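From first to last, the protein sequence lines are chains A and B. With this note's numbering, the residue at position 532 of the first sequence is 532, and numbering never jumps. With this note's numbering, the residue at position 27 of the second sequence is 27, and numbering never jumps.
Hints in this document: simulated from the structure, not taken from any laboratory. One or more hints might be untrue.
Chain B stretches covered by chain A per the calculated footprint, using a threshold of three residues with CB under 8 Å from any CB of chain A [to be verified]:
no.	stretch
1	28-36
2	57-66
3	115-122
4	131-141
5	159-171
6	181-193
Dumping the calculated EDC-like pairs for lysine to aspartate or glutamate here, alpha-carbon to alpha-carbon at most 16 Å [said to hold, decoys possible]:
no.	chain 1	residue 1	chain 2	residue 2
7	A	LYS389	B	GLU232
8	A	LYS561	B	ASP19
9	A	LYS378	B	GLU156
Note that the structure is a prediction, hence the values are computed from the model and not measured. We put the beta carbon where it would ideally sit given N, CA and C, even for glycine.
Chain residues, written in single-letter form:
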Amino acid sequence: MFRVASDTLNSRVPAGPLEQKWDKHRFNLKLVNPANKRKYSVIVVGTGLAGGSAAASLGELGYSVKAFCFQDSPRRAHSIAAQGGINAAKNYPNDGDSIWRLFYDTIKGGDYRAREANVYRLAQVANNIIDQCVAQGVPFAREYGGTLANRSFGGAQLSRTFYCRGQTGQQLLLGAYQALMRQVSTGRVKMFARREMLELIVSNGAARGIVVRNLENGKLEVHTADAVVLCTGGYGNVYYLSTNAKGCNVTASWRCHRRGAYFANPCYTQIHPTCIPVSGDYQSKLTLMSESLRNDGRVWVPKNKGDHRAPGQIPDEERDYYLERRYPSFGNLAPRDISSRAAKERTDAGYGVGESGLAVFLDFRDAIARDGEDVVRKKYGNLFHMYEKITAENPYKVPMRIYPAVHYTMGGLWVDYNLMSNLPGLYVLGEANFSDHGANRLGASALMQGLSDGYFVIPYTIGDYLAGAKHGKLAEDAPECRAALQDAEARITKLLSVNGRRTVDSFHRELGLLMWDYCGMARTKSGLEATIPRIRALREEFWTNVRVPGESGTLNQSLEKAGRVADFMEFAELLAVDALHRNESCGGHFREEYQTEDGEAARDDENYSYVAAWEFQGAGNEPVLHREPLVFENVKPSTRSYK
Amino acid sequence: MSSDTLNLTLRVWRQAGPDKPGGFCDYQLDGVSTHMSFLEMLDVLNEKLIAAGDEPVAFDHDCREGICGMCSLMINGQAHGPDRGTTTCQLHMRRFASGETITIEPWRATPFPVVRDLVVNRSAFDRIIQSGGFVSVNTGNAPDGNSVPVPGNRQEVAMDAAACIGCGACVAACKNASAMLFVSAKVSQLSILPQGQPERSARVLGMVAQMDKEGFGSCTNTSECEAACPAEVSVSHIARLNREYMKALVFADR
Chain A
1 MFRVASDTLN
11 SRVPAGPLEQ
21 KWDKHRFNLK
31 LVNPANKRKY
41 SVIVVGTGLA
51 GGSAAASLGE
61 LGYSVKAFCF
71 QDSPRRAHSI
81 AAQGGINAAK
91 NYPNDGDSIW
101 RLFYDTIKGG
111 DYRAREANVY
121 RLAQVANNII
131 DQCVAQGVPF
141 AREYGGTLAN
151 RSFGGAQLSR
161 TFYCRGQTGQ
171 QLLLGAYQAL
181 MRQVSTGRVK
191 MFARREMLEL
201 IVSNGAARGI
211 VVRNLENGKL
221 EVHTADAVVL
231 CTGGYGNVYY
241 LSTNAKGCNV
251 TASWRCHRRG
261 AYFANPCYTQ
271 IHPTCIPVSG
281 DYQSKLTLMS
291 ESLRNDGRVW
301 VPKNKGDHRA
311 PGQIPDEERD
321 YYLERRYPSF
331 GNLAPRDISS
341 RAAKERTDAG
351 YGVGESGLAV
361 FLDFRDAIAR
371 DGEDVVRKKY
381 GNLFHMYEKI
391 TAENPYKVPM
401 RIYPAVHYTM
411 GGLWVDYNLM
421 SNLPGLYVLG
431 EANFSDHGAN
441 RLGASALMQG
451 LSDGYFVIPY
461 TIGDYLAGAK
471 HGKLAEDAPE
481 CRAALQDAEA
491 RITKLLSVNG
501 RRTVDSFHRE
511 LGLLMWDYCG
521 MARTKSGLEA
531 TIPRIRALRE
541 EFWTNVRVPG
551 ESGTLNQSLE
561 KAGRVADFME
571 FAELLAVDAL
581 HRNESCGGHF
591 REEYQTEDGE
601 AARDDENYSY
611 VAAWEFQGAG
621 NEPVLHREPL
631 VFENVKPSTR
641 SYK
Chain B
1 MSSDTLNLTL
11 RVWRQAGPDK
21 PGGFCDYQLD
31 GVSTHMSFLE
41 MLDVLNEKLI
51 AAGDEPVAFD
61 HDCREGICGM
71 CSLMINGQAH
81 GPDRGTTTCQ
91 LHMRRFASGE
101 TITIEPWRAT
111 PFPVVRDLVV
121 NRSAFDRIIQ
131 SGGFVSVNTG
141 NAPDGNSVPV
151 PGNRQEVAMD
161 AAACIGCGAC
171 VAACKNASAM
181 LFVSAKVSQL
191 SILPQGQPER
201 SARVLGMVAQ
211 MDKEGFGSCT
221 NTSECEAACP
231 AEVSVSHIAR
241 LNREYMKALV
251 FADR
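With the rest of the complex left out, here is chain B (with noise of 0.2 Å):
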């Protein structure tokens, strides 16, 4: 392998506290190894401003394997940066060429206000799910797993929903920020396999309820989500997620 590094400028969003005003600074690293992964690049840039008396660029992470959906990160105007079905934490320097100022940003949309320089608050999808994203089964009413067959192929449908790992990533590209990648990823999982069914309509009236309450924006269809989406759902949900809607607004027992 070779021992490659790369000088770069980094513009990065710096904001002190939810209500501070925030901006751009500029950060120059040099001999960054093509290597690391672009949140241990940031790890250097910050033990680097902690001996230099400054305090560190604020940034959310934690699993560092694509799968907790806590890493965000706006990179050169794309959620999770340019590499497709890739998280942040997962998106690696040899990506970048040398010389590159690379500009790095909080997830930009109202629902999810800055708390500090590159950390948001996404606590509106905690409350999405609150709203219907379950199946109301108390612990210790399951029938044996295999009494209701689940077709292999409805189960894999369920699972490539299922797989949305709740960063944001949709709401963020999309220019409306809207949610309705996350809403329907769950919508279509549950309401898919047969567990989901009793409450099929009123998850899918109360996720959509509480997603306008928290003042997502409306889908038009442009798939910015689909391709910023580190976990690949399909926009064939949001599809689902309407048709979902639709019944439920005519046939529901409300």
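Chain A extracted, bound-state conformation (with noise of 0.2 Å):
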């Protein structure tokens, strides 16, 4: 199924004690001279939080930079909808928090399987990050007396939460899309809009170029430069149902796997236990309901099965709150991937609600009674808002139905400390690489992670490459882009002149239920080993009954889909292939032949303590893994407890 390499992957991480890394790494750091950034390019691959961010402070270095984006601004990537908020430690409620403590938090709601040096880094800085927001007209939530404020968040036990409402994500993301925009009209950052990325020039080894379709009118051009810095997010997608945006795709990010860069930890995936259910077979995208809902809201099941009562008629007593049951010390607030699987549990047991059975309950009552509708308004309202017009239900009056959905892809092209992947040049940042979360994210750090790798890492480390690359131009007529050019075009030839029979979306639908159902919530051997011939045979069926209708030389949103599909359908095989591979039960990834007698993950920290990068050798081909061993010089992996 695949082989091991001998190797063992160097993550780059400096010597010295943990504090110190960081500050001693950026000393150590070469230097590009001011007078010189001008002179070195830099493409900038998707434009949310990590990309924007990243784009727009590498523009007020003074480099050169090209920004890509596939919608038609870059203020509407995905990061947009993030919800609920971005932690830092300032530790503002004096509730005791610091930097060790969200460190600690971090590694330890990823389940000991993210890099130490990277999750303490991303706790560093993450206050200037608020600090930076602030300075560009962010408008946090603030106190009275004009303070920021902050809420609590899952997996934590103080109020390090900032937020803007329930729109911190945009408010974050305009923050640095306005930030980009001022690069823009400075000349140092040019945008391109409506492109998306279908291949990576590699020229001697090094991450030089891209091939891009111009969406609006189906051109494709080939653009150079001396780095790449890839922000692409998740693969979530690949589920077909998620919260991710319809257009969240794999594509970049597998291009630059099939040419050589490794694909780590995939098989790390979010469910995130706060979303509305499916209703039809219709359904396009679930709608998540932010996690900061669990501040308020009480999660519960009827204590008897088939209980059809409306929920107000169902006495206390006969309530199965069952987060604050198994959970005592976190209740309501216990992370996603063990709040996804309590869930699970109480629905397979036949306790769920709704017509599906595919239902929980979210429940205000006790709040709205404690503080009143127009508290929990001002804090939810947007949310309550929404749920009402997706479900036609009234939140305030009757509980949310709510239920897991795939939210975010923990797993990425791999990193060394640098944010560099094994191909130099090739840098990836935010929800694209693997680095920060390990094998389960807490929440409002997502944000953090972003704007940490665009702000506050890559202006540094990107100077360090340049300074010593020494490769020249590359010119866009030169034989590794013609090559990556021709690659694209015959690949939209062939995927234009299939003319089978199925839609795209059959095809993405299809490969979701079949990903969702056995790699999804709950993973066995059994049922992972009879999904891969299956995403085999469904792949090959793509490739010969696949109807795209239309032509390239035009906006064409079929073709955009169909090179998605045909991308995740690669991915997909990845995916199961490591959650095989991986004989443990850790976060987000539950094989359910690993677990404690509560049905608690159940880690293997002798054989899996470590990050498993894929290397790919042809589609259908057993991949190579490359190894990362976790070193833990600082915390001692142990079982997660939440109770």
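Assemble the dimeric complex from its two separately framed chains, guided by the hints.
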């Protein structure tokens, strides 16, 4: 199924005490003279929190930047949909927070499958992010006296989450977008919207450019640079239904993987516990109800199977507040992976609510009685509004019905401490890399990571590479560029020429269902073994029976989707292989064979305390596994307990 | 929940390209679940069109949760359809009746040229933001977040304005194709917050100049924009924009 490489991946984590690593490393990084920066060109793909902040910051430093996004404007990247907030260890509430505690919570939350040094750096720069965003005019929630407000979030027992109502991602992204627009106005960043990256250009082993398709007119373009920064988000849409935007895809990452970049830990996927349940087979996406709701909402199911009374009619003694029962110290704020599995356990056992039985209640009755409807509205108004729009039910009156859904992917392209992949010159930031969240991400830390990578890591680390790179300009008609362009062209021609009988969406739905059933919240050896040949068969059918209408020389959304689904078809197999190879349960990766007596994930630190980084060997061929051992010098991996 | 379905006639604007002529095409779509979102209904139409060997209708969409601002559509002459404070992606078919004809058009405004079918080019908005819709603070220069207090009530007003999703419904709804609500939202947010003060005058002058250059019309205070705005941005921000503009014209050091 796969081969194991004998090498050990070098994460290039600097030596020395954890607290000093980043400072010492920054001192050791080579610098590019201010006057020389404009001579270096950098391509940034994706304009979410990571890409937007990276492109803006690199532009500010003076580099010549080209930024790309597939949406019609960089302001629309899916970071915008993040609701709840962003963590930082400011300790403004005086509740005992510290950089060390944020680091510890994040490492523990990730079930000890993240790299210590990266997570510590993340916790260190988190405070700078808040300051930077405030200075940009991000309207964070404030107390009456004018100081910044905090709220609590899953996986932490203190309040360290900064927020803008239920639209924190939107405001942070607009901050980064505005900084980016400012650089566009200075001419230091050239913005290319409605461009989709189709190939990575590798020259002499280094990443030197990309091939993109202009989605408005279908023209293929070659762009070369001294380095490529990939900020293209996660791969949750491999499940078809997820909380991701419809356009989110794995193509940019997968194209780099096919050119040699290792893909790390693809089986670490996050199933978010609080999403609006599926309502029909036409469903096109799932909508998240922010984790912040679990601050005030209580999760429950009826104690009696088949209790179809209206929820308000069910008295307290006949309700099972199962998170509070199983995890009394964290209660409704247990981490996402644990809360999701607890919901699955109850619904699988037949206690689910709603028409499908695949839902649990999230009830605000007590919060409204305690604080009043106005207070609840002020905190969560937009979320309640959104819930009512979708379900036609008023959550101020009846409890929300929620169910877990695919939300975030911790896996991604492998990167070292500098956020550079194994391909020199290819940097990977934000959700697209694998580095900071281990096997499970805690709430309010995705925004933190995206902005940390973009504002405060890449501006330093990329200079070190550029200062040492002596490769000269790469012409846009160089042989390696022409070859990549031809590959992209050939693939488009092939997709358009199959002319079969099934639509792209029908393949995507089928793939998604397969992945959800066998590679979702719970996985088994037999299920995964049976799934891999089915993915292959579906991929084969795709290439012989898909129908992509229209032509390449115009806006063609079917063609866009077809290219993305084709890559998901290859990627899905790697996800399943990774899940099958990891004979343990950790964080979001739950193998039913490996659980404790009370149903919690059972890690195997002796054999699996490593990053699994996969090397591509051709579609359908056995991938090669490279391992990066995880070294814990500062925290001792223990069984996570939220009881 | 009921399993009600609708039979609908869809009058959809089809246009093969920016320079091609456009026109309405009628499609019959039966058995539409009332629980579908409007865009899911269009997905179903497109699956049907592809199966029949036709080209699907191109429309912009992405997050499908009302925040990215990518979706658009004039639905029966109303930007984002009949519901207040709602984007097209959050509009659900339970809002319609069986037998209805639904007319679906792209945003109609000269600064938003049609790309194909229902897709328009809104890059004019990006250029307006480039003309001053930011605070000029380089990464790394920021003082502690709590060093400048912002009264909670002022922050709330700034947040009301900042909620703009940049979808362009305000322009589409306006008989003059004015972009005043969009521009005012950003000007208002940054003129209220202390961080926006140093560039306050330059910002409003720059953004208004770019807005005019892009060809957006003038505001005649009909407030259609506010009624259409899915983020419910208030026209009071336009009043603030006008005050800011006047102040900047008179007092700005230029």
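Which numbered hints fail: 8
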